[in-house]
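K.L.:
Sequence:
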Amino acid sequence: MTILSTGPIENNAVSGVRPTKQVTIRIVSRVAAVDAVVVSVQGYVLDTTRTLYVSELISVAPNEALTRNYFADLDAFEFLFEINEANVGDVEISVWGKKASGELVDAHRVVEHEKTITDS
1 MTILSTGPIE
11 NNAVSGVRPT
21 KQVTIRIVSR
31 VAAVDAVVVS
41 VQGYVLDTTR
51 TLYVSELISV
61 APNEALTRNY
71 FADLDAFEFL
81 FEINEANVGD
91 VEISVWGKKA
101 SGELVDAHRV
111 VEHEKTITDS
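In this text, residue positions in the sequence shown follow our numbering: the first is 1, and each later residue adds one.
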């Protein structure tokens, strides 16, 4: 299995308001085969301890794009994505922080080439 990580994302309040209230995750499968790709999504609150708050298995059909939204009104968080090694090159994942208004937070976006890859 291959694990992709956003790394820690700091979301401290500015004038009493955190920039990111919601995280949008976009998963795109470029698999030409007939089988779906399963992606494990884990989100962690980073505080004095690292606490799991999102745990979801997402099945992505060949040539499908999916979007998931998660709560992110936290001081710091991190997302991990686990993908079967055989499919890691066929799946692209991007992570976007959003304000309460839905506007993107540039500092809280992680696109495909910016994630840390760890083989387990």
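These are computed hints drawn from the structure, not numbers from a lab.
Careful, some of the hints might be misleading.
[As the list claims (entries may be wrong)] Below 25 Å or equal to it, Euclidean Cα-Cα: the simulated DMTMM-like pairs (lysine to aspartate or glutamate) are:
(1) Lys99 with Glu10
(2) Lys99 with Glu78
(3) Lys21 with Asp47
(4) Lys98 with Glu10
(5) Lys21 with Asp90
(6) Lys98 with Asp35
(7) Lys21 with Glu10
(8) Lys99 with Glu56
(9) Lys21 with Glu103
(10) Lys21 with Glu92
(11) Lys98 with Glu64
(12) Lys21 with Glu56
(13) Lys99 with Asp73
(14) Lys21 with Asp106
(15) Lys21 with Glu85
(16) Lys98 with Glu82
(17) Lys99 with Asp47
(18) Lys99 with Asp75
(19) Lys21 with Asp73
(20) Lys98 with Glu78
(21) Lys98 with Asp73
(22) Lys99 with Asp35
K.L.:
Now tell me, hint by hint, if it's right for this structure.
P.N.:
Hint-by-hint comparison with the structure:
{"no.": "1", "hint": "Lys99 with Glu10", "verdict": "holds, 14 Å"}
{"no.": "2", "hint": "Lys99 with Glu78", "verdict": "holds, 17 Å"}
{"no.": "3", "hint": "Lys21 with Asp47", "verdict": "holds, 17 Å"}
{"no.": "4", "hint": "Lys98 with Glu10", "verdict": "holds, 14 Å"}
{"no.": "5", "hint": "Lys21 with Asp90", "verdict": "violated, 30 Å"}
{"no.": "6", "hint": "Lys98 with Asp35", "verdict": "violated, 32 Å"}
{"no.": "7", "hint": "Lys21 with Glu10", "verdict": "holds, 12 Å"}
{"no.": "8", "hint": "Lys99 with Glu56", "verdict": "holds, 23 Å"}
{"no.": "9", "hint": "Lys21 with Glu103", "verdict": "holds, 10 Å"}
{"no.": "10", "hint": "Lys21 with Glu92", "verdict": "holds, 23 Å"}
{"no.": "11", "hint": "Lys98 with Glu64", "verdict": "holds, 23 Å"}
{"no.": "12", "hint": "Lys21 with Glu56", "verdict": "holds, 19 Å"}
{"no.": "13", "hint": "Lys99 with Asp73", "verdict": "holds, 9 Å"}
{"no.": "14", "hint": "Lys21 with Asp106", "verdict": "holds, 13 Å"}
{"no.": "15", "hint": "Lys21 with Glu85", "verdict": "violated, 32 Å"}
{"no.": "16", "hint": "Lys98 with Glu82", "verdict": "holds, 23 Å"}
{"no.": "17", "hint": "Lys99 with Asp47", "verdict": "holds, 21 Å"}
{"no.": "18", "hint": "Lys99 with Asp75", "verdict": "holds, 14 Å"}
{"no.": "19", "hint": "Lys21 with Asp73", "verdict": "holds, 4 Å"}
{"no.": "20", "hint": "Lys98 with Glu78", "verdict": "holds, 15 Å"}
{"no.": "21", "hint": "Lys98 with Asp73", "verdict": "holds, 10 Å"}
{"no.": "22", "hint": "Lys99 with Asp35", "verdict": "violated, 36 Å"}
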